[in-house]
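Protein chains: 2
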Amino acid sequence: MSAENLDTPIFYEQLEDLEYDFEDVEMELLRQQAKLTKDLYAKREKLVADIPNFWPLVFEQSPPDIDEYIQPSDAALLLGSLKSLSVDRFELPGGDPRSVVIKFEFFENDHFENTTLEKKFWYRRAKDGWAGLVSEPVDIQWKADKDLTGGMLGLARKVWEEEKAGKTDETEAKKKLKEQMDSTGLGGVSFFAWFGFRGRDVSAEEDREAFKIEQERRQARKEGKEVEDEEDDDDDDDDDDEYELEIFPTADDLAVAISEDLWPGAIKYFTQAQEQDAMSDMDFESDEDMDEADGEKKKDQKK
Amino acid sequence: MSAENLDTPIFYEQLEDLEYDFEDVEMELLRQQAKLTKDLYAKREKLVADIPNFWPLVFEQSPPDIDEYIQPSDAALLLGSLKSLSVDRFELPGGDPRSVVIKFEFFENDHFENTTLEKKFWYRRAKDGWAGLVSEPVDIQWKADKDLTGGMLGLARKVWEEEKAGKTDETEAKKKLKEQMDSTGLGGVSFFAWFGFRGRDVSAEEDREAFKIEQERRQARKEGKEVEDEEDDDDDDDDDDEYELEIFPTADDLAVAISEDLWPGAIKYFTQAQEQDAMSDMDFESDEDMDEADGEKKKDQKK
Numbered sequence: 325m326s327a328e329n330l331d332t333p334i335f336y337e338q339l340e341d342l343e344y345d346f347e348d349v350e351m352e353l354l355r356q357q358a359k360l361t362k363d364l365y366a367k368r369e370k371l372v373a374d375i376p377n378f379w380p381l382v383f384e385q386s387p388p389d390i391d392e393y394i395q396p397s398d399a400a401l402l403l404g405s406l407k408s409l410s411v412d413r414f415e416l417p418g419g420d421p422r423s424v425v426i427k428f429e430f431f432e433n434d435h436f437e438n439t440t441l442e443k444k445f446w447y448r449r450a451k452d453g454w455a456g457l458v459s460e461p462v463d464i465q466w467k468a469d470k471d472l473t474g475g476m477l478g479l480a481r482k483v484w485e486e487e488k489a490g491k492t493d494e495t496e497a498k499k500k501l502k503e504q505m506d507s508t509g510l511g512g513v514s515f516f517a518w519f520g521f522r523g524r525d526v527s528a529e530e531d532r533e534a535f536k537i538e539q540e541r542r543q544a545r546k547e548g549k550e551v552e553d554e555e556d557d558d559d560d561d562d563d564d565d566e567y568e569l570e571i572f573p574t575a576d577d578l579a580v581a582i583s584e585d586l587w588p589g590a591i592k593y594f595t596q597a598q599e600q601d602a603m604s605d606m607d608f609e610s611d612e613d614m615d616e617a618d619g620e621k622k623k624d625q626k627k
Numbered sequence: 325m326s327a328e329n330l331d332t333p334i335f336y337e338q339l340e341d342l343e344y345d346f347e348d349v350e351m352e353l354l355r356q357q358a359k360l361t362k363d364l365y366a367k368r369e370k371l372v373a374d375i376p377n378f379w380p381l382v383f384e385q386s387p388p389d390i391d392e393y394i395q396p397s398d399a400a401l402l403l404g405s406l407k408s409l410s411v412d413r414f415e416l417p418g419g420d421p422r423s424v425v426i427k428f429e430f431f432e433n434d435h436f437e438n439t440t441l442e443k444k445f446w447y448r449r450a451k452d453g454w455a456g457l458v459s460e461p462v463d464i465q466w467k468a469d470k471d472l473t474g475g476m477l478g479l480a481r482k483v484w485e486e487e488k489a490g491k492t493d494e495t496e497a498k499k500k501l502k503e504q505m506d507s508t509g510l511g512g513v514s515f516f517a518w519f520g521f522r523g524r525d526v527s528a529e530e531d532r533e534a535f536k537i538e539q540e541r542r543q544a545r546k547e548g549k550e551v552e553d554e555e556d557d558d559d560d561d562d563d564d565d566e567y568e569l570e571i572f573p574t575a576d577d578l579a580v581a582i583s584e585d586l587w588p589g590a591i592k593y594f595t596q597a598q599e600q601d602a603m604s605d606m607d608f609e610s611d612e613d614m615d616e617a618d619g620e621k622k623k624d625q626k627k
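As they're listed, the protein sequences go chains A and B.
Residue numbering for the first sequence follows our numbering, starting at 325 and increasing by one per position.
Residue numbering for the second sequence follows our numbering, starting at 325 and increasing by one per position.
Heads up, none of these hints are tricks.
No copy is singled out in the list; a pair is fine if it fits within one copy or between any two copies.
With a Cα cut of at most 30 Å, we get these calculated BS3-like pairs of lysine-lysine:
id: 1; residue 1: K443; residue 2: K482
id: 2; residue 1: K444; residue 2: K498
id: 3; residue 1: K592; residue 2: K444
id: 4; residue 1: K592; residue 2: K549
id: 5; residue 1: K367; residue 2: K549
id: 6; residue 1: K592; residue 2: K451
It is worth saying that the hints were derived from the structure and are not from the lab.
These numbers were taken from a predicted model, which means no experiment stands behind them.
Start from the sequences, fold in the hints, and give me the full structure.
Here's what the structure looks like:
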């Protein structure tokens, strides 16, 4: 299929502007959603606090894009010690509704001293046009020989602190982290390495400037003025560097999956867990019953 | 993990009520979304009408849960003849925002006489607690020997008409349809068989009654009154019967995927198609460029 008429960039500009308008609506809807569900989430928190193992059972039923990151040893820890989970769009009402903080609370456990682990993701724009979630590595106080990340999380945090202090050259911690990452298969990384994610290095200041530039460009185009093209991503190489020491590169996707699926769908996942429990206790009278139960499950998952 | 404290049904009732409250918010947000995006979709329709092959390119880039249903012969027809697609939540503003009508417009083509194919899905509740999308089979005026469903769609429509006329026994059309379905592998069914979907036989009247019963039950529970349990789905067998002659059993999922992903994301999918086109025209200078392009694509797909 040819695209001969599409060399005129005017189409692209108009489509791009329209996408920005749709994005504005999405942001408005996220704000509305946060407002309309606030009391319901508070009610849910109170209600599920009395249900033993509510959150562990939710995690046990988590969808594939979350479940794939939970190793057997992570699952044992979560099932045994997770007390509660909460998600908050902390930049609301004034700021970006896509920024989220995800908070895990734990009972006393064999693996770490922390009772709360909190990871904050800021939605930021870079001057080259990129936009997405960035974060800071959170350290976990592992008990002796109980570090599920095999030391990687601590090193990631250390490297970050070194860089903040201005040490940009190769340090001992960087070298060790690279070695660790090379020797750990990608499929074997603990869920808890997620707390080490940083993403692109975009400061709040750069975000503000990039946002302003974007708004001005949109405004100018709306007024029919000629607008210079965004600088093209010629410095993409920087990205590669930044991802080089990322111990959980898809942590931002996982954060979105938790905030937009696991957290809002918790009652649904918990109910599924209960049904499964009931099923495995049941004496199966006939194969037909099994088929029915499967059919029902499939339908239940539909919205 | 045990669930010993959970035999008290009170938790389930409260969780269920809370889920209804969350559902109300979702409905309200869908209504808001329809209102806030109405003008933007109208603007998009006007804009893309001038872009050759916009909708075919969108379908070419459709996500796996849509793409898996598009057979090579379907793709050829869509790529060559699809003029436009539109989705409308036709029961708004007063009715259920989950009811959708999906309309395909076609240029003159070798396969059928129709220039418009429209499929309506009503969101309905049954008295046994089930809720979901139901529809009516749409017939397509195939040209001689050009029926991509091999006659199944016409038969599905005929069976539906017979049943509406009160013929509940085994007819010639039913027998032929069953034979056809048995001889067609599930993986080989045409995308156009989707127009034959019926779903559960829930009338508008049953929906109204079921909705009323549900509202009354919720209200009573809110007032702290004892409420009788919903009848349990003892007549699940009916479901099996109804799905027996369904030539595209997951048509409702596909309708949701089109309405909530392909339709709102059309500009994104079109842009992807253009980028891919540009990529395949490009002389690759080095492997590094490829890696970068991949990386960018991955990031672009993120929200």
